[in-house]
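Engineer: Take the two lone chains, each set in its own frame, and fit them into one complex as the hints suggest.
So the protein sequences, as listed, match chains A and B.
When we follow our numbering, the leftmost residue of the first sequence carries the number 1, and every step to the right adds one.
When we follow our numbering, the leftmost residue of the second sequence carries the number 1001, and every step to the right adds one.
Keep in mind the hints are simulated off the structure, nothing from the lab.
Please note: incorrect hints may appear among the correct ones.
Stretches of chain B that chain A covers, calculated by requiring three or more beta carbons in the stretch to come under 8 angstroms of a beta carbon on chain A [said to hold, decoys possible]:
#, segment
1, 1167-1177
2, 1313-1326
Capping the alpha-carbon separation at 27 angstroms, the derived lysine-lysine pairs in DSS-like fashion look like this [stated by the list, open to error]:
#, chain 1, residue 1, chain 2, residue 2
3, B, Lys-1192, A, Lys-141
4, B, Lys-1195, B, Lys-1102
5, B, Lys-1192, A, Lys-129
Please read all numbers here as calculations on a predicted model, not as lab measurements.
Here a beta-carbon is modelled for each residue, glycine too, at the ideal position from N, C-alpha and C.
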Amino acid sequence: MRNAIWENIFSRQGEKLSETALAISHVPIFKGLSRKEIREIENIIHRREYQPGEAIFHQGDPGLGMYIIVLGQVQIVNNQDPDNPIIYSELSDGDFFGDMSLVDEANRSATALAISNTRIIAFFRPELKDILTRFPSLGNKILLNLAEVIAQRLRKTNDLLIEAQQQTSGGPE
Amino acid sequence: MRGSQIIVPLAAAIILREHVAPILLLLVLALLLASILSPLVNWLETRFGGSRLLAVLAIYVTIILTIVGAAYILGGTLYEQAETLVSSFQGKNLEDLINNLKESVLGFIPQSLRPRAEAYFLSMIESPPEFLSKLAGGLGGIILKLADVVGKLVLVLVFTFILLLESRNFKVAFVRAVPNAYFEMVLNLLEKIHKQVSGYLRGQGMAALTVGVLSTIGLFLISQLGGIALPYFVIIGMLAGLANLIPFIGPFVGMVPAIAVYLMTPQPAGINAIMIVVIIVMFLSVQAIDNFFVSPKIMSASVGMHPLVVIVVIMIGGSIMGPLGMLFAVPAFGVLKVTVVEVVWGLKAYRIL
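Next up, chain B with everything else stripped away, as it sits in the complex (with noise of 0.2 angstroms):
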């Protein structure tokens, strides 16, 4: 029976829910990115004369290339920064990057109120604030797992050439199992979904990658043009490409540690009040190009989300998966809202509902 097709694997995922689970997380990551992949494989299988496995491979060695290139010339950078800046939070400069930052605080704070700001910055010192050791423990732990990444993305990255090599098998015997009544319906659905999800990730993506990448250059320039000490530059410009994929909060999440940076920092002509302003420009200029040049060309699908369903959506990210949660949380729920708008278009068009 075809239905059998479908209810016995999903009831034996059902049975065996907490194995199936991490290996499905990783299957529907590939799942996206082949969905991010595909047109491009599409479009590159008629240039290799219609062979898949040529424009799929032409694909993974350029990625490939990609990491390694990127590692050659921002890893020992971005390495050193990592290092410096997990040591920094793990207790043994704290006290130092404290200090500094309350030289910087207290020239730009009123006379009268410098006692008690002294007093708190001496609190912080004798006990560091609970977020500043939740962030070292977090940072050291994904230093410590990252093999445990590295191994889940190579699973990933197999999984994703797979899919799509076999894309068009794959939608061929699925849509086999699928009884007679709604099999346009699931045809029309997969396609409307695919096209959509494609279309926001590819969106999400190069919109986080023109940021991330403006940010670091734009930090860069600021470091030399202005003469200041600003390291962790590609840290912070990667972390605000990333932060890119939150909306309305994200454009903070990259400048508030380049001012941090820039205040912890010893900075060789003191601390001046200009470059903090250059550096808030410098992000709401990279956000500026975002919004007016790169986004609007790049979003087909209109995922507009309400500020209050952002809040929600990043403090449940983080209940379940902690601050990797909270990044992909609103990137994730943009998936679910486009799949859900088509699935409803489908079951109302269909007359199902």
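Isolated chain A (complex conformation) (with noise of 0.2 angstroms):
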């Protein structure tokens, strides 16, 4: 006869990983965490399903946090001129967007279109507001990973414009 208990006990050690989990775990953000501290963002984030051509959100929309696709492509559009749409990027499984907005209500930069039936997760502001409340050492882990992504990109972003300064200083002679 099975016995439950003893099921639940050893089920937890050879335990795999769920979709969404696997995907939360691979996300920047969420380096570090502990199989339980996944398990509490797993209990908090929200799951959708887009079709072809949806938008995930529109450029100038008040921003509310990031997205992680799960299954899917995503791509991310300036289109401020509607007639000549500029293509920043495409991204697929295990890919994330709109990580800025955890931190302030800035208006998104671009739209998030889905290009083919694509499965995401979305992690919000007041989320990450609640867990850092509920469990303060689980929210300084997302804070410290978040402030990481933000400090790699603030380097990458000084790369990019000491480059452009030195082009621009080179470039008339």
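Structural biologist: Written out as structure tokens, the structure is:
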């Protein structure tokens, strides 16, 4: 006869991460989280499904948080000029976007469009605040990871700026 | 289909609205109560090692102990005061009350006007003003309906318990039913409305509690130190606290009955105009403490209302639910106002409006 108690105890050992948990664990801002902590995140995130051509968010909308692609493809587009949209990037399984909105409510700088049947996870600022109140150590890990991601981006931007300045100062001569 | 998860229950609720409305009202009350308590539950949850159940239970035990404690300390006095007050208004002592009031007031009236005033008091005894008999009926009704109210209160507390315990699951499930196009906007609005409404209600509750407790203590001190008979001081204090929910008019709701009771009760040392001034100063001081020290610190949402709006809202509240409706009309309108402000912001920010 199967014993539910023992099964429950042992099942944790060899438990495989769910598709959602796996997607979460590969995102830099959730780096270094334990299984228990990932499960906490799993409990509060939102799961959504989009059809090809459906917008996930629009340029100019107030930003609320980040999205992680579990399965599918998403295009990040600047469509300020609707006749000449500029495609910034095409993202697929495991990629994430909109993470800067976890920090402030600045408007979205581009539109995110699903270009195939897409399953995504949404992790928003209210949920991050909730985690920070309830599980400060988990919240701090996420914040530090987020700061690291932003610092890397800032460094990259600085490098690009220096490169551009060098090109302009050396250009006309 | 995702939309059907919202449309089907909504259609059922509209068809069965007569049966659904009373339960829905209790559910809304529970939702508001849960919204007030949720920050405390979140804070306690961390202290209890992440157990939300323990956090909610701790709050419930504290609430029950506070109610039992308050009933133990104030209950006897409150019951006696309520009983005497109700029986006074039910006609038994009405004549005595008016006679007392007449004797107190006549001293302040110029000699030339006294016969006319006496005639007016006589007519009051012969046909007690309509509001007094209405009030008597209302108070009697409140006592009779106590069991019904307690039953509903228990139901609200049960709903609140479940909402507090399962708030995250409910939120995720609710948001899942929202179509993709409005998903981020709805979540953003839910968050902002929750923050504003709970802040507003907590502020109102704290201000009412402060005014209620301070007014009761103030009236007790006046009666003890001033050596005057001031019965019903607990009821008047609580009324002053509740009336604080109504701006502009609230402060007088506590002051007027306190002075009336002082004038209507036979005073061993006779009526002293200075004591009336002391009562007025006490209520004004309580208002000053609330306005300068308490409210500015706790009112997160600015819910400024024009006096005309307040009067219209109170009248509408009164016509819907009687005296209780008048009392809760302003806070209910306040909740509606912060909600509408946030919804309009959302519709504009997401370019739907």
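Engineer: Hint by hint, note whether the structure agrees.
Structural biologist: Hints and how they fare:
1. 1167-1177: holds (count 4)
2. 1313-1326: violated (count 0)
3. B:Lys-1192 to A:Lys-141: OK: Lys-1192 (chain B) and Lys-141 (chain A) at ~26 angstroms, within 27 angstroms.
4. B:Lys-1195 to B:Lys-1102: Violated, at roughly 52 angstroms.
5. B:Lys-1192 to A:Lys-129: Between Lys-1192 (chain B) and Lys-129 (chain A) the Cα gap is close to 13 angstroms, so the pair holds against 27 angstroms.
Of the numbered hints listed earlier, those contradicted by the structure are 2, 4.
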